[in-house]
Structures are given as structure tokens and as C-alpha cells.
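Chains as they are written, first to last, in my numbering: chain A, 1 to 337; chain B, 1 to 337.
Among the clues, some could well be false.
[Stated by the list, open to error] Below are the DMTMM-like pairs computed for lysine to aspartate or glutamate, each with C-alpha atoms no more than 20 angstroms apart in a straight line:
{"hint": "1", "chain 1": "B", "residue 1": "LYS268", "chain 2": "A", "residue 2": "ASP281"}
{"hint": "2", "chain 1": "A", "residue 1": "LYS111", "chain 2": "A", "residue 2": "ASP281"}
{"hint": "3", "chain 1": "A", "residue 1": "LYS268", "chain 2": "B", "residue 2": "ASP278"}
{"hint": "4", "chain 1": "B", "residue 1": "LYS300", "chain 2": "B", "residue 2": "GLU200"}
Worth flagging that the hints you see were computed from the coordinates, not collected in a lab.
2 protein chains.
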Amino acid sequence: MTENTQILFKSRPTGWVDASHFEIARVPMAEPAAGEVLVRNIFMSLDPYMRGRMRDQKSYTPGFELGQVLQAGAVGEVIASNDPSLAAGDLVEGRLGWENFSVARADAVNKVDGNVGSLSHYLGVLGMPSMTAWVGLRNIGQPKEGETVYVSAASGAVGQVAGQIAKMQGCHVAGSAGSFEKAAYIMDELGFDAAFNYKEAKSLGDALGQACPKGIDVYFENVGGAMLDAVLLKVNPYARIVACGMISQYNLAQPEGVKNLATMVGNKVRMQGFIVSDHMDLKPEFMAEMSGWLAAGKIKYREDITQGIENAPAAFIGMLKGENFGKQIIQISDPPA
Amino acid sequence: MTENTQILFKSRPTGWVDASHFEIARVPMAEPAAGEVLVRNIFMSLDPYMRGRMRDQKSYTPGFELGQVLQAGAVGEVIASNDPSLAAGDLVEGRLGWENFSVARADAVNKVDGNVGSLSHYLGVLGMPSMTAWVGLRNIGQPKEGETVYVSAASGAVGQVAGQIAKMQGCHVAGSAGSFEKAAYIMDELGFDAAFNYKEAKSLGDALGQACPKGIDVYFENVGGAMLDAVLLKVNPYARIVACGMISQYNLAQPEGVKNLATMVGNKVRMQGFIVSDHMDLKPEFMAEMSGWLAAGKIKYREDITQGIENAPAAFIGMLKGENFGKQIIQISDPPA
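Okay, chain A solo, but in the shape it has when bound (with noise of 0.2 angstroms):
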């Protein structure tokens, strides 16, 4: 018998999450049923939206369940098949879980090809992560040449691509992350044209105005709060504010107050929210565009792999304070040789 090791949601965080809101299970390894495959997982995602499905409340995802294995997306190896869909030897992604080994329906995963570099990549820069800069950008911010557009949260998953799409179209780019070590990087490897650490920002207000002589025709909005109240003092008319996420709110009990949305009005600034969920239709091209960037060196991709399951809960954690220094990849087992 296989041991599995698991990682339950054992309770509801209202502020910050800590290790109490987990549990480590060791259980057998399961076996699949008739249409099931399981699946020995290698890479597991850790992402900022998993905070919203902790919360007790309507989300754009289900939220987790107490006393249940946490859910992410993941990348493994089918070990065993009970579906002619699959084989044992087939590379999958899905939405699997915080384990050493899932069970999914065959239909619920899709076959992947191992020779794109790491196997991690299908949960970054070819996969969710990277999705979600390329379509917001695409379907919202809209940058045209010339145009300033700013990144915050620029060295994490989403960030990263984005800022790099930006700069692949001719705009200005400026990215803020919470180190200066990671605003070396967001410069001198990535390519942004200006950077700031925003925790040793004395103004948000004037870290921007350097960053940002000419204003912001596009915020690609990772952050919320004090970052997105100063951005609108800054915005040009006809500004677009790509809202995907606002981790700087997500552990707060009562979230920071935005006082500048009136700046809105007279600039005529466009602010939408977004879930890539909702434009699957785009994922071929989305697919067939980034891998000819990533094959032609065009887009860099930085990720932050913390090993083995067991270490998953303080990952997350400490994900959600900025702590990881690229994309947040736990890595549960060794890939294929």
C-alpha cells in the first residue's frame, strides 16, 4: 500500500491565513473507478484567487469544503487507468489536489506534451497564470504603442507576462513588486523600462510619477487598495484598469477604502474585472502565441518551487505575503526522466 499525503482545509481564516486553517492527512492511495484515472502528481499550483475560495460566500469558484482535500491546479502522471482515454505513462493537467496522488475522471484532465522545458510551465507561463495576463490585456487593457501601462504585483505569476506582452506591443512599462531585489529583476531581466519596491516607497503618489512621467493609459490591477487609490490620481483620460485581482485585500477583515474613484468620471477611465475561465475559446491561440514566444526567448518566466506537499500550507502562506519571488510552484514528486 501507497502512502497518499494530503493537505485538508480544516477551517475558515477570516484575517490572514495560518498553519492552523490546515491539516495533513497520510491515507491510502486510492483507486479509480470506471472513467477515473489516478494520477501521480509532479507540480501543483499555488495562486492568489484559492484566498477567495476559502471565504464562506458566493465566488466565481465553488469554494473548498471543510474537512476536504484542497483542490489546484496540477501536472502528473497517469499511474494507473481505468479509462481507454488514458494511459498509464500519459502526462495530464487538471484541477487535481493538494496530494501526492488524485483520482479524477479521465475527461476532467488533459493530456499534455512533456517536451516544453518543465512540466511546471503548463501552470504558468503556458497555462492559467500566463492566460490571465495575455487575455486581460487583450480584452481590456488594449495597449496600443507609445501608451504607458503599469503592473503592479510585476515579479509574480500573472505580472511577469504581462508586463512582457506590454513591452512586446512598444509601451512604456513600469512594474512595482515588494523587493528591490525583485525590482532589479522586473528591469534588468525582463526588460520593464522602470520598477519600484513599493514597501520602501515613501509615496506611492510619487514612486508612480517617476515611473510614469507621461500618466497610465493601462493598469494591469494585481493589488487593490492604497496602490489602486494612488494609480487613479495618475490615470490619462481614457485610462483602462485590467482588474484581476486585489491580493492586498484578500486577508483583510475590512478591506482598505479606495477614496479616488471620482478621478474616474472626468478621465473617463475604464475599470473591468475578468476570470480567464471565461475564455477558454481563446486557449488555442493563447497557446500557440506564447509557446512561440517562450521557443523564441521572448517571454522569460520566473518561478518560485517550493518541494514536497507536506510544505504546501506555508508556501501559501507566504504567497499571500509576497514572500515567493516568481510563480508559486510546489513540487510534489520528480518528473519523468
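For this one, chain A is given, so just place chain B on it according to the hints.
Chain B only, in chain A's frame:
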């Protein structure tokens, strides 16, 4: 010599506007130079956006200049012309002054037809506020039959029209206003499906929930602040927020914070500001459609007419506090018989 009473902009308010920010001057009536006309002002419009022009900061209209006559949309009669395009007796509308008589460039005013019920209509139901409602719904709100449209400041210059247009489009229309009398007017006279007095609501959320039992698909936003926050908890997926104005915030030295913006992400909400003057290409279409509705009795429009230019400051202050009931107009002189 005929005397001209003028209202000058004496000092900039930082919070609420009061009488000390205005000064009354009595000067001789001016003469029109070449290319100019002298207009006897008949009706003048007071609108919330003017509060923005009192600030010493970039806005979508140039700020009022201290010591100068305040400006406003007005309609009047040409009493002397020094330009071949207009003659004494012509009726015109344009951006004129808070005064009995204005000198204006002939090409800066538009000739209007006196046969429209009341000349004041050019400042309201056939003018800027009504076109604001029409454009905002047309370009941003885009209500579909069966959807719920909620309008704040619904008995005001813009709100009345927004709600009635949405009603004609087959929507469930709810509105709020600042008295029981106004709320009753919205339902009984304008045909809204639901209305409430926000000042007496124990909870804005509960009041919205009752008025909009299926949630909110389109919010015609005139007030901002706490009302917007309450709406953000009631929005349906893909809701549109027409950011027309945020009058509740204009007189606050420190605006209220809006805490619930994160709901825009999961509900894919679009909030968009606009300025009607960007859309003047649509004016002929607007005038044709609105004139037809007005003639057919499909649009009702309530005006709150204050007599005498010297009472304009008090009326303006009252309007910012919601004391007007309907479109605020100043009658400066009598229309032609």
C-alpha cells in the same frame, strides 16, 4: 445704462460650498464687439459637475477663475448682435455666465427653437443632463430587456431620464432619492418599479436587496461612496456601472473609501466613466429620439426653478445637498411671450 448683476467666484471651497465663496457684483451691461452677441439670459442650469470646476486642479472642464463671473449652460434671447449669423430676437443656448446679460461669441452659442414647451428644456430634458443619461446607457450601461437597472439620485436631472429610458427598454428599474416624496415621485410619476429614500434606509444593502431582488445588472452611478459600496455587494455577473458622477464625494475634504471593489473581479464588472461632451457627434440622434419621446409623453421631466440670479449661489449650495427636487434651474428673466 442697464445694470447687470453678476455672481463672481470669490474663493475656493475645500469642503462644503457656502455663501462666502460667492460675491455679487453689479456692473453696466456690456456691448458686443465684432463677432459677438449680447444675450439676455432667461434660464440658467446648475449642475453638480460645477463643483469640480471650483477645484484648483486638472479636471475635464477648465476650473473657474477666481474673481471672474461663474459660467453655466444657459438659454437666452439675443438683444444685440454684432455678427451677421444672429439677430436680435433670436433664442440661443450656450455656455454663458451667472449674470443677467452675457456677451458671447456668436459662434459659441447655438440657435434654438422656442416651440419646445419651455426654453428651460434645453438645459434639461433636451440638454446636457438628459443626453448624459442617454449616452451613458447607450454606450456603457447597455441594458437588455429583463435586466435590473438601478439609478441613484433618481429624481435628479440625469437620473429621471436614465430610469425612464431603461423602463422603455423593458428593464426592472429601481431608484433611490433623498426623501420619501422624491421616492414616491419616481414610482408614481416616472413609473419606476421600485424606489427608496436612502436617507431613511436602515441598511443600504437591505434597501437595495428589496428594490432589486434579482441583483443589479446596470448601476447608473450618480453618487459614489457608501452607495457604490452597497451596490458592489449586489452586482450580477457582467454588471455595468455607468460612472456618471459621485456627488456624495465632491464636498468632502477626504472622500469616503469604497471597500468592496474586489467583487468586480469575480463578477466581471465593468465600471466606466464618461463625459457627455465627448459624444457631441451623437447630439442629432439624441435630440431626435428625445424630442419624439417627449412629444409622445413617454418621458416626463421635473424641474426645480429658482427665481433670480442673486439666488443662484443658495440654489447651487442646496443642490449639492440634495435639496432640489428635479433638475435645478435658475430663471433669470421672462421668456418671450
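Which numbered hints are broken by the structure, listed smallest first?
Hint 4 contradicted; others consistent.
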